[in-house]
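Engineer: Protein sequence lines correspond, in order, to chains Y and R. Each number in my numbering corresponds to the 1-based position in the first sequence with 283 added. Each number in my numbering corresponds to the 1-based position in the second sequence with 3 added.
Calculated from the structure, these hints are not laboratory results. A virtual CB, placed ideally from N, CA and C, is assigned to each residue, including glycine. Among the clues, some could well be false.
[As the list claims (entries may be wrong)] Interface residues of chain Y toward chain R, partial, derived using beta-carbon atoms under 8 Å:
| hint | residue |
| --- | --- |
| 1 | A380 |
| 2 | E591 |
| 3 | A649 |
| 4 | P650 |
| 5 | L768 |
| 6 | H772 |
[Claimed, not checked] Examples of chain R residues toward chain Y, derived with CB under 7 Å:
| hint | residue |
| --- | --- |
| 7 | D113 |
| 8 | L125 |
| 9 | E262 |
| 10 | T267 |
| 11 | D270 |
| 12 | I271 |
| 13 | H303 |
The chain contents come next:
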Amino acid sequence: MRGDHVSPEKSDPSQDPFRQGTIHYSDDPRDAGWVRQNIPCQTACPAGTNVPAYIRAIAEGQHGQAYEINREANVLPGVLGRICSRPCESACRHGWAGNGDPVGICNLKRSAADMKDASHRITERLYAPTGKRVAVVGAGPAGVAAAYDLSLLGHDVTIFEREEKPGGMLRYGIPEFRLPRSMLEIELHNALRLGVQLRTGIAVGAGKGAMRVSTLLADFDAVLLATGCMAPVYLPLRGVPEGADLTQHCQDVEYGLGFLMDLHRGQNKRVGRRVAVVGAGFTALDCARVARRLGGQEVTIHLRTSEEYIPVTSEELFETKREGIRIKGLRTPVALRTDENGRLTGVEFVQNRLGGWRENGRRLAAPIEGSEFVEACDTLIIAIGQKTVNDFLDMRVEVDRSGNVRVAENGMTSVHGLFAAGDYVHGASTAIEAIGHARKIADKIDTWLVNRKRHRMVRMEPVAAPPREPAHDFIPRQHMPTIPLPERHQLTHEVECGYNRDLAGEEAKRCYLCDLRYQIDVNRCIYCRACIEVAPRNCIKLVCDVEVKPDGTHGPLQETKEWQKVAAIWIDNNECIRCGACFKVCPVHCISITRNHFVTVDG
Amino acid sequence: MNASASSAQGPRRYVIIGNGVAGNQAAELLRERDPDSRITILTNSRLLFYNRYLLPQLFKGHQSWHAFLANPPEYYVQRRIEVRRDCRVVSVDTRNKQVKLAHNEPIGYDALLVATGGRSHLPEDLADCRSLFHHFGTYEAAVTTRKALPDNGTVVMLGGDMIGLDLARTLLAVSCRVILVTHETTFWPHKLTAEERADALAALEKMGIELIDGDARGGVTSVEAGAPGLPARRVVFRQGGDLYGDVVMPFYGLTPLVEFMVGTGTDIERGLLVNTTLRTSDPSIYAAGDVCQIWSEQDHAYRFYYGYKNVRAMGAVAAINMTGGHEHFATTQEETLGRDGQGHIDSPFWACE
């Protein structure tokens, strides 16, 4: 256990495993707590991607290795490197107040995929065949990620997909100018090539000619539902019956996901000169950018709240505006305006004030009575979200209030052998959330099928010297190059160009490498304060107590300025930016550095 | 000062971010109404409060920055107003009531006034050309632009808001050539009907400004460095064609300077949202000037109010309310674009005391 390292009986440097250069594995909750608390990017990633490790590999020019590190957690790095919602960057220590901008983690992920050698060999750690058969319904990100993991674990997996091609939302819901299909094809192929059977064009449902879920349950040892969240949330409008499909009322109204799916199925879509998009997520932005490319001259996104509170990346927002799309906030659509022929002439809105907060952290808007106004438009695209549908099930499955299927701790629904993952469980989320959840469920299915268990340990590797230079703190965030605006009229021309090797190398240097743990051996420290003197921040503290919470994370340090109360001199890893100044100045070499990350082991 | 210490026993701490008309008006009234308080103005400028309305005068010949100062340094000493210059605010910790500076110094406050104004708006599609533009929003920027402009040189103005048109008058007076590429923001913040706009554009031509219809050319697509032997900048239009100038200046209106407030929990749309008492959604934070959108009962919307009279009035209202008053802001600014005796345009937004 790591705790032994600082205990008095291990104070002899010759006995210190880290000084001896040996790799150490720990199942001490404090070490797991340290990793969760101190590597914010990895903790924020729903798939648990080891971000510092792959960024370090990129800094060393090992793009193939970086790709493989990514692939351990997320089987589609080149795809996610283009379209991820980037929760890791929101958590990045470099973006904390006073530290500058977060590292371009997502752009680096893409660079790993783009710059790996042409002859790069994918590595997979395969388990022996189990003889168990698993059916996965849906070939979207959740279905593919689960199928991949289950196939690695030795199960025979068959995916049933309604559409003609796999990919789900990735293929049918995201425009090609954000996600080139060539990249999607390659990574889907790599994910499914370990014997996963892909049966496309097969609808699973209760309708005529459809494959029944009950049939799948009879034919397979386990069935995983990963059908996503594909039904539009309807917009309540004055004069329209509640829950009515607006596209049936006016031909100039579309639902965002349906609009994109039709387009990517090959339909010839058209929009009017003035396009209003209602919604605040990536789908709304995608619809607006597609509408612009389809000839929309005045494309406006209308928000209930304001730009600050919409769940998209600032880069996407910027590129959207750059393409001439306007964004107007604090308004809710309340009615359609049509002419005598039923064609759309405008949308009536009501002005909003910002209200309180939803449970999910999103901002509420409060309409202001009597503040209605009309914005003229020829096409309305409604992209206010999606919901799950359960009418394809030919059996009763417990659902929650939102209509999302309930799953137990073991990942199973209320039906024996029927599991569910991704957006079908949680409602509309992001690709990385769907992948992260699907991997967890795949693990549970494996446990249920063959009673195999795995658990996580912390691998601690000694590091001889600080690998990072202080000058790296001053490197600005490298911006993603994009194609010029005049070239953005095609739907298939990718907008972002990707980093070149120089940009990727510079951006990778910015990472603080939060997986590095600097520790002071209090038994050897002579309390000379040299480390405190050179610390660039208030990161080394004299403490009288350190609270360790039940989950192994640390509570606030209890600092003291009275020497008689000092119990330890402690590196506050919340403040530490891994500059290594303390390590270099220590006259008695009592500061050690280890590289920490989770590993999954059997048993 | 101990940034996080409560001021329960000490004087009340007022912090003003921004060193313009609103901020200085507020500081003056805060001192009058709370003589024992601590008042700190934070500004990223190296100069004390200067009169931005006089900046066009820089183009009439060299003038020392002293000539632009609205108040001498002694003014602040006498009123015990601390002006922290050349410091950039990066965030506000509303829970601990601290303003964080770029060098990590926290400044504690009991009441905060955000009066940072706005910066010249640059449309996102021109962001790649950012480094090739010349600016006018600050004394330092105006000096840089003046140095880049040769005698009788050519200035290309994009957009043409009233700040730019004010400068254009001076440039014409010193025999510069002014080319205006029109845009929907021409005459901003005036709101003109099509007829009024056509009439005003004709007046600009009469003043000697050369007009290019930006919409007819599909808008400006890029600004480039000029080739050797040609003026320093080239403006390229989306539907073909170009024009050259010694300097190219964007005048597309203002973008409120609120970046450091993002994530604080204080309501923002484009600017900081305030009620008519100029209080934000955080009871300890007020906003005044071009940075705030004020709720208008009449319009049922949050509105920006521009112009010297409005901004000064906002500074006063904020100060009164920060010291326990209950004053409401009401605009008295004239907003009609008029004509002078020569038929040239004349805007109330150009007027200052």
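Engineer: If a hint holds in the structure, say so; if it doesn't, say that too.
Structural biologist: Going through the hints against the structure:
With 8 Å as the threshold, the beta carbon of A380/Y comes within range of chain R, its nearest partner Cβ sitting at about 5 Å, so the hint holds. At its closest, the beta carbon of E591/Y sits 5 Å from a beta carbon of chain R; the interface hint therefore holds under the 8 Å criterion. Violation of the interface hint for A649/Y is found here, the shortest Cβ-Cβ separation to chain R being roughly 12 Å, above the 8 Å cut-off. Interface hint status for P650/Y: violated, as the beta-carbon distance to the closest one in chain R is roughly 10 Å, over 8 Å.
A cut of 8 Å between beta carbons decides the hint on L768/Y: the least distance to chain R is about 6 Å, and the hint holds. The closest approach between the C-beta of H772/Y and any C-beta of chain R is roughly 11 Å, which is over the 8 Å cut-off, so the hint fails. The closest approach between the C-beta of D113/R and any C-beta of chain Y is roughly 21 Å, which is over the 7 Å cut-off, so the hint fails. Interface hint at L125/R: violated, since its Cβ lies 11 Å from the closest Cβ of chain Y, which is beyond the 7 Å cut-off.
The restraint placing E262/R at the interface with chain Y is violated, with a minimum CB-CB distance near 10 Å, outside the 7 Å limit. This hint is violated: T267/R has a C-beta 10 Å from the nearest C-beta of chain Y, more than the 7 Å allowed. Hint on D270/R holds. Least Cβ distance to chain Y is approximately 5 Å, under the 7 Å limit. For I271/R, the interface hint holds, since its Cβ comes within 7 Å of a Cβ in chain Y; the closest pair sits about 5 Å apart.
Taking 7 Å as the C-beta contact cut-off toward chain Y, the hint placing H303/R at the interface holds, the least distance being around 3 Å.
Consistency note: the structure conflicts with the earlier hints numbered 3, 4, 6, 7, 8, 9, 10.
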